[in-house]
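Undergrad: Letter by letter, the chains look like this.
Protein chains: 2
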Amino acid sequence: MEKPSLPSGTRDFGPEIMKKRKFVLSVMERVFRSHGFLPIETPSLENLKTLQGKYGDEGDQLLFKVLNSGEYFSKIKLENWPQNPTDTDYKSMTPQISDRGLRYDLTVPLARFVVMNRDKLAFPFKRYQMQPVWRADRPQKGRYREFWQCDIDIVGSNSVVSEAELVECYQEVFAQLNLEVQIKINHRLILDAFLPLLGGREQWNSFMVAIDKFDKIGQDGVSLELEQRGLPHSISAWNTLCEIASLNNTEQKLQALEQFSEIQNDSLTQGIAQVRELLTLLPNQNNVFLDLRLARGLSYYTGCVFEVVSNDPRIPSDFRIGSIGGGGRYDNLTGVFGLKDVPGVGVSFGLDRILDTLESANLLEVNNEWAGVLICCMEEDYLSTAAQIARDLRNHNLICEVYPGAPKLKKQLDYANSKGCKYALILGESEMQQQQAMVKNLETGEQQLIDWSKLSHTLTFN
Amino acid sequence: MEKPSLPSGTRDFGPEIMKKRKFVLSVMERVFRSHGFLPIETPSLENLKTLQGKYGDEGDQLLFKVLNSGEYFSKIKLENWPQNPTDTDYKSMTPQISDRGLRYDLTVPLARFVVMNRDKLAFPFKRYQMQPVWRADRPQKGRYREFWQCDIDIVGSNSVVSEAELVECYQEVFAQLNLEVQIKINHRLILDAFLPLLGGREQWNSFMVAIDKFDKIGQDGVSLELEQRGLPHSISAWNTLCEIASLNNTEQKLQALEQFSEIQNDSLTQGIAQVRELLTLLPNQNNVFLDLRLARGLSYYTGCVFEVVSNDPRIPSDFRIGSIGGGGRYDNLTGVFGLKDVPGVGVSFGLDRILDTLESANLLEVNNEWAGVLICCMEEDYLSTAAQIARDLRNHNLICEVYPGAPKLKKQLDYANSKGCKYALILGESEMQQQQAMVKNLETGEQQLIDWSKLSHTLTFN
Chain A
1 MEKPSLPSGT RDFGPEIMKK RKFVLSVMER VFRSHGFLPI ETPSLENLKT LQGKYGDEGD
61 QLLFKVLNSG EYFSKIKLEN WPQNPTDTDY KSMTPQISDR GLRYDLTVPL ARFVVMNRDK
121 LAFPFKRYQM QPVWRADRPQ KGRYREFWQC DIDIVGSNSV VSEAELVECY QEVFAQLNLE
181 VQIKINHRLI LDAFLPLLGG REQWNSFMVA IDKFDKIGQD GVSLELEQRG LPHSISAWNT
241 LCEIASLNNT EQKLQALEQF SEIQNDSLTQ GIAQVRELLT LLPNQNNVFL DLRLARGLSY
301 YTGCVFEVVS NDPRIPSDFR IGSIGGGGRY DNLTGVFGLK DVPGVGVSFG LDRILDTLES
361 ANLLEVNNEW AGVLICCMEE DYLSTAAQIA RDLRNHNLIC EVYPGAPKLK KQLDYANSKG
421 CKYALILGES EMQQQQAMVK NLETGEQQLI DWSKLSHTLT FN
Chain B
1 MEKPSLPSGT RDFGPEIMKK RKFVLSVMER VFRSHGFLPI ETPSLENLKT LQGKYGDEGD
61 QLLFKVLNSG EYFSKIKLEN WPQNPTDTDY KSMTPQISDR GLRYDLTVPL ARFVVMNRDK
121 LAFPFKRYQM QPVWRADRPQ KGRYREFWQC DIDIVGSNSV VSEAELVECY QEVFAQLNLE
181 VQIKINHRLI LDAFLPLLGG REQWNSFMVA IDKFDKIGQD GVSLELEQRG LPHSISAWNT
241 LCEIASLNNT EQKLQALEQF SEIQNDSLTQ GIAQVRELLT LLPNQNNVFL DLRLARGLSY
301 YTGCVFEVVS NDPRIPSDFR IGSIGGGGRY DNLTGVFGLK DVPGVGVSFG LDRILDTLES
361 ANLLEVNNEW AGVLICCMEE DYLSTAAQIA RDLRNHNLIC EVYPGAPKLK KQLDYANSKG
421 CKYALILGES EMQQQQAMVK NLETGEQQLI DWSKLSHTLT FN
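Protein sequences appear in the order of chains A and B. Using our numbering, the first residue of the first sequence is number 1, and each one after it goes up by one. Using our numbering, the first residue of the second sequence is number 1, and each one after it goes up by one.
Hints are not guaranteed to be accurate.
Copies of the same chain look alike in the list, so a pair counts if it works inside one copy or between any two.
Each computed DSS-like pair below joins lysine-lysine, with the alpha-carbon atoms no more than 27 Å apart [claimed, not checked]:
#1 419 with 20
#2 22 with 141
#3 20 with 141
#4 410 with 454
#5 419 with 77
#6 120 with 19
#7 91 with 216
Treat the hints as calculated values from the structure; they're not laboratory data.
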């Protein structure tokens with residue numbers, strides 16, 4: 001008999017970690033709902049046509065593809081059939097045997113959902129979505145093949161009020177989770193201002209990829225990279241950018257940008273104005289930082305971009321898993337599905353990384369809303385009475401269960417303790433006669449006899 | 001540009017249906033938790049080795065299989081490579097290109113979880129699990145390719161207290177959902193009592209498959225089927241079974257079984273005793289019925305079996321989707337993964353069918369816990385003040401959002417109405433000067449001016 005195992009990069013969540021996951025999810029959901037976001041869910045399976053070409057070549061490689069049902073080779077023509085399994089062109093073979101794949105993020109499904117339901121939705125459409133996504137990536141610390149994203153997006157609004165609301169949601173969620181974070185913001189238009197300095201869009205892309213590596217390779221590393229990428233003329237701009245980025249506060253940075261004579265253009269003016277407007281709407285800017293080197297890859301962002309990292313001093317210094325959230329404004333998300341001019345802005349909370357971060361410093365306690373009562377019978381004959389008492393306590397909103405059977409008391413109490421019950425109610429012969437229960441407080445060890453009719457008022461769970 | 005679409009048998013859930021799904025899930029979860037069930041979640045992806053061979057040949061066919069990453073043909077040896085895509089032996093090819101599949105139910109993953117975590121769990125292990133499962137079945141009414149199961153199981157208990165608790169959970173959930181149901185019970189040992197009458201286990205299996213069709217083909221249909229299956233000698237037993245099954249109440253049925261002279265054996269005695277014990281533990285038997293023709297297929301059940309159907313008179317008569325829940329006792333679930341002698345019992349709630357049933361008669365109203373407040377600004381300059389008012393109302397546990405921007409009031413009010421807001425707060429020039437808001441009750445149309453400082457106490461959501 002082979003030992004069962006889990007696919008690499010996937011995890012089981014037992015009760016203890018599930019309680020914590022549910023707590024974190026409930027904090028997020030409460031914040032999202034209080035801001036008027038509404039829930040949607042989309043299928044795990046999407047047509048590959050929907051997913052492919054949206055995440056770059058690397059993303060396409062990382063999609064989990066589902067084998068078609070039945071005779072999955074039957075669509076393939078004989079002349080396209082490889083003579084040998086090793087000389088196969090996989091990229092051309094895959095679409096012939098797989099029509100569907102697993103969702104890679106929640107943003108492309110949102111775009112598809114909006115396009116397919118555009119006549120039914122009220123815009124601006126504010127939705128939250130908390131579901132797993134799948135990526136066939138190499139598993140490592142903080143990186144799983146099945147993990148949860150919790151996204152909020154505001155679709156159909158181009159007001160910076162929306163950006164401010166998303167930043168506030170980040171602030172509220174992490175404040176309630178009691179985790180110190182930095183919310184980094186930047187604006188694509190500020191980065192776009194460098195375009196004339198770099199040549200064409202291609203050089204700009206190259207520049208973005210290079211500066212995105214700053215966290216890993218440092219200022220000089222990026223300079224070297226720029227040289228290797230054939231952008232030596234951009235190094236002085238990069239150095240000035242770094243100088244500005246290291247200034248003390250956001251207003252100083254914005255002013256320095258305004259004085260950076262090489263890049264004065266409409267793009268810069270507009271980007272700076274929007275960042276200022278966003279900050280005006282945020283009363284609490286303690287954990288909001290303008291990070292001019294934040295590019296957020298080459299994806300669909302067109303305005304503000306956001307990234308959240310934890311800088312909580314309680315997190316072990318060797319615990320580094322990068323960002324625990326990110327997002328930004330996109331002005332044409334649905335264009336790829338044929339619906340033009342729908343602006344939007346959204347951010348994602350990485351549930352698994354948030355949990356890993358909190359767990360790394362043991363910051364999540366299981367709250368006692370899970371603590372309950374176990375009724376222990378000394379004889380099988382008492383089980384029916386026990387079930388009746390349990391029903392009554394549940395009707396008073398307590399968690400209560402009857403041990404199924406009447407083994408030795410120690411076994412039953414061990415079970416109560418291992419489940420974190422606060423009370424055990426013991427029914428022996430004399431208790432049954434007196435219509436009482438011996439109530440044992442498992443936290444203090446105290447015991448007292450209490451009438452059945454008074455139990456629901458006596459058991460307290462502060 | 002191709003129009004985006006969903007894979008057949010899958011669905012998007014927009015906000016309106018999500019509110020209802022969340023309501024039904026919360027009812028279940030509250031009941032499960034009140035009985036001391038604890039949450040677990042398992043990965044969507046399981047190794048095919050874990051899944052295959054557990055659901056019969058048909059089940060194996062219905063598994064969604066995920067194509068291996070990278071060069072997925074490279075494991076195949078040249079001598080096994082088919083010459084032609086149409087002469088492929090799919091069943092032998094699939095394991096060479098696919099190692100993983102999507103979860104088919106929550107029971108096999110539970111068994112795997114228990115085996116892999118047996119040293120960490122407190123037994124009896126009571127878990128609830130509410131997650132989607134996938135089956136490559138032909139979609140039809142009430143049958144989806146991606147659907148949710150909500151399971152509760154008690155593993156490591158052989159007390160009938162556990163069966164009673166599961167039946168009570170069914171009763172409590174459907175009572176809270178205000179849906180009339182029939183909870184059918186039967187006992188495999190009662191059906192086992194027919195074994196001597198039928199010959200060997202093979203005939204017994206054949207008999208079970210035949211009588212399982214009673215709902216579809218009726219008593220005579222089953223008789224014909226028994227004849228065709230080479231079990232003509234069993235027809236008189238079948239007819240007697242039907243006679244007993246049509247008796248008025250459970251106790252009459254049990255007594256008739258005890259008097260059915262052809263099948264008096266230990267199995268019958270034990271089965272009847274356990275059904276009686278179960279009923280003793282259930283104070284409310286109004287919606288619990290002994291259905292002697294309930295077999296629940298040929299799967300792993302060994303004791304009590306359960307099935308729930310709705311008989312609510314409000315459900316349209318042409319709305320038939322079969323059972324909305326089912327389960328039973330299994331005495332060797334984990335044996336297939338190498339852990340012997342772990343008894344258990346569990347039931348499943350079919351979330352999608354329960355929702356479809358409730359929706360078919362429009363029985364689910366969205367409760368007003370989703371109703372909120374929209375703040376409408378007449379000028380962009382007021383947005384920052386509006387954000388401050390919104391923050392204050394959210395701090396008082398209200399749902400409140402600011403319309404992002406200051407378009408015409410009608411547009412903003414349309415949005416508030418379409419989202420089901422109860423109040424719109426309008427900020428115009430005079431309101432800003434007076435530090436007031438024009439509060440419009442969107443249900444009644446009433447309007448009144450209220451000071452900002454008094455808003456949180458004035459807005460009521462009964």
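Undergrad: If a hint holds in the structure, say so; if it does not, say that too.
TA: Hint-by-hint comparison with the structure:
1. When the C-alpha separation of residue 419 and residue 20 is checked against a cutoff of 27 Å, the pair qualifies only within one copy, where the shortest distance is 15 Å, while the shortest distance between copies is 31 Å.
2. Within a single copy, residue 22 and residue 141 get their C-alpha atoms as close as 22 Å, which meets the 27 Å cut-off; across copies the closest is 32 Å, which misses it.
3. Within a single copy, residue 20 and residue 141 get their C-alpha atoms as close as 19 Å, which meets the 27 Å cut-off; across copies the closest is 37 Å, which misses it.
4. Taking CA atoms no more than 27 Å apart as the test, residue 410 paired with residue 454 passes inside one copy only; the shortest distance there is 25 Å, against 58 Å between copies.
5. Proximity of residue 419 and residue 77 under a CA criterion of 27 Å is satisfied in neither setting, with 59 Å inside one chain copy and 52 Å between copies.
6. In this assembly of identical chains, residue 120 and residue 19 lie within 27 Å of each other by CA distance solely across copies; the values are 16 Å between and 36 Å within a copy.
7. Taking the closest pair of Cα atoms, residue 91 and residue 216 never come within 27 Å of each other, the shortest separation being 32 Å inside a single copy and 47 Å across copies.
The structure is inconsistent with the numbered hints 5 and 7, although it conforms to all the rest.
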